[in-house]
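Visitor: Since the structure of chain S is provided, determine the placement of chain U on it from the hints.
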Amino acid sequence: MSSRVEPATHGAIDFAELERLGIRPEDVLDFSVNSNPFGPSPKVWDAIRQTPLERYPDRESIALRRALSQRLEVPPEEIIVGNGTAELIQLTAVALLRGGENILVAEPTFGEYERSIRLVDGNICRWQAVPETGFAFRPDEIQKQLANARMVFICNPNNPTGQILPLNIVDEWAQNFPDTLFVVDEAYLAFVPGMKSAVTLRRKNILTLRSMTKDYAIAGLRLGYAVADEAIIQALINVRPAWNVNALAQSAGLAALQDEAYQRETLARLQIEKQKLVIGLKEIGFNPIPSHTNYFLLPVANGADFRQKLLAHGILVRDCASFGLPAHVRIATRTAEENTKLLTALASRNW
Amino acid sequence: MNLLLIRHGQTNWNLEQRFQGQSDIPLNETGRKQAQALAERLAAESFDAVYSSDLQRAAETAHIIRKSGFQPDACLREVNFGDWEGLTYDEIKAKYPEPLAAWENDIFKNAPPNGETLERLALRVQSMLNELCEKHEDQKILIVAHGGVLQTLICLALKLPPTMYWQFHLSTASLSELAFYPAGAILNSLNDTSHLPKSAPKKAWNPLSRKPSNKIDRR
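Chain order of the listed sequences is S and U. The C-terminal residue of the first sequence carries number 350 in numbering that gives the first Met the number 0, and the numbering is unbroken. The C-terminal residue of the second sequence carries number 218 in numbering that gives the first Met the number 0, and the numbering is unbroken.
So that you can see chain S by itself, here it is in the shape it has in the complex (with noise of 0.2 Å):
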């Protein structure tokens, strides 16, 4: 039996490649994942610690919903919480989504959009942003192609690219184009201060994603919400497999948003070793593309090489070929020691 759907590809470790490699993922520096380096708070620990695993995760995820809506002033009823956001893409395409149906895609970026799209045969149609403009959205071009598209899919701020699109645009697309529904993906809203979420406009035809995986640190337990008009809502919830959310992620999720404190500091922690990283750099002669995030673009000849050879130094980088950029790398800031390692790694050869 053939299958018209193919796995996406991620970055993050691959723990059969590593183990081909005889590397032990423990000793692996991995500036292939977008996430916070400094780990979950100390009260998501504890949380996890008192979690009965013996019980049946909450189906609803309600206190997790109730914090949320307390956090983002919207009703529960307007929040559903996923096993991360590829699961939401997944059951955004499921459930709202027919066969035939055009949905446009901001491109580069991640791969889950087009895989659900694939899942249900939706037509997808492309805007694809160049290197010559850093790879900025162009509005401009983007809104040419909303007249046909029924869904479009925009992750803002963009992965691979850090690259954002300001909020007034989305607010002004969602007004002038009505039967569009704007799914925007802001799972690394966080890593830009001061930038505001699409779910502050309040619009029926906006759906957005968060994860709370990157920020938070808690990649391992895998947990996302998605914010939207109730009846959007609840057609993701008649097709959400049951318990979707197990009850560590749960927990967590919940000490995390509790945690303010400790998540303001490490996000201003991560913004200064960003910009030490990115000079770093440039003095022993890369040309890092200009983002607003944590991780960033690095233009390279040949990203596979690179990868691979960075690989036998025990670091691992994104390599940008599966975005369709395969002289590119990505990179995600890490602590100062980490990063001073990658650049020591970086000054020691000849790329």
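Just so you know, these hints were derived from the structure itself, not from any lab. Using N, Cα and C, we set each Cβ at its ideal position, and we do this for glycine too. Check each hint, because a few of them may be wrong.
[As the list claims (entries may be wrong)] Capping the alpha-carbon separation at 27 Å, the derived lysine-lysine pairs in DSS-like fashion look like this:
id: 1; chain 1: S; residue 1: 195; chain 2: U; residue 2: 108
id: 2; chain 1: S; residue 1: 195; chain 2: U; residue 2: 158
id: 3; chain 1: U; residue 1: 32; chain 2: U; residue 2: 197
id: 4; chain 1: U; residue 1: 108; chain 2: U; residue 2: 92
id: 5; chain 1: S; residue 1: 195; chain 2: U; residue 2: 134
id: 6; chain 1: S; residue 1: 42; chain 2: U; residue 2: 134
id: 7; chain 1: U; residue 1: 108; chain 2: S; residue 2: 340
id: 8; chain 1: S; residue 1: 203; chain 2: S; residue 2: 143
id: 9; chain 1: S; residue 1: 281; chain 2: U; residue 2: 134
id: 10; chain 1: S; residue 1: 281; chain 2: U; residue 2: 158
[Unchecked claim] Away from chain U, derived, C-beta distances all over 12 Å, residues of chain S:
id: 11; residue: 14
id: 12; residue: 24
id: 13; residue: 195
id: 14; residue: 265
Guide: Using the frame of chain S, we list chain U on its own:
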């Protein structure tokens, strides 16, 4: 967001070039006059919020500028120079040669004895800046603080590593202006002292003017 940045008026320790840090030294007469000149310059301007360091040289400057009140914030305190506070550079060099050498070699990582690293300072300034950006998106904000704090804030706003803060000089009672946009911040003015009486420019202490090499420390 528009940020007006004011360094506090002069104190006697400024005049004597003593490291002040978090020592709570009052303004001197010159400092009060400078603050008054700032008040007159800004009389017609309105601000959505005024924040000041809670140390009295800044708080008094803020009070003279805005009688209607301001929010004191410990996040805006000067970097803590620990045991060096009250001493001049030459006195520190005589008493603490080794810690001083270490500090000058890597000001980001090494603190004066019982003092604060520049890294700690950068962290609290970045936290404050993030909060301001969130709270005051389209607003005009006045900040009264200290040289080290404001020079760090300017670096962070411009996305420069905070280790470059020695490359910006702010005189006492000077005015600088940053405008924040989604795509980045713009430094509209720096160290504007046109409201103050002209005086011979005094060379402030700065390690860059002392180091033999002109290589900038960017760690």
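Visitor: Look at each hint and say if it fits the structure.
Guide: Going through the hints against the structure:
1. S:195 / U:108: violated (33 Å)
2. S:195 / U:158: holds (19 Å)
3. U:32 / U:197: Given that 27 Å is the threshold and the Cα spacing comes to 13 Å, the pair holds.
4. U:108 / U:92: This hinted pair holds, its Cα atoms lying about 19 Å apart.
5. S:195 / U:134: holds (11 Å)
6. S:42 / U:134: Given that 27 Å is the threshold and the Cα spacing comes to 26 Å, the pair holds.
7. U:108 / S:340: holds (17 Å)
8. S:203 / S:143: With a Cα-Cα distance of about 22 Å, the restraint between residue 203 (chain S) and residue 143 (chain S) holds, given a limit of 27 Å.
9. S:281 / U:134: Outside the cut-off at roughly 33 Å; violated.
10. S:281 / U:158: holds (14 Å)
11. 14: Answer for residue 14 (chain S): holds, closest chain U Cβ roughly 34 Å.
12. 24: Its Cβ never comes within 12 Å of chain U, the nearest being 29 Å, so this holds.
13. 195: violated (7 Å)
14. 265: violated (10 Å)
Violated hints, listed in ascending order, are 1, 9, 13, 14; each of the other numbered hints is respected by the structure.
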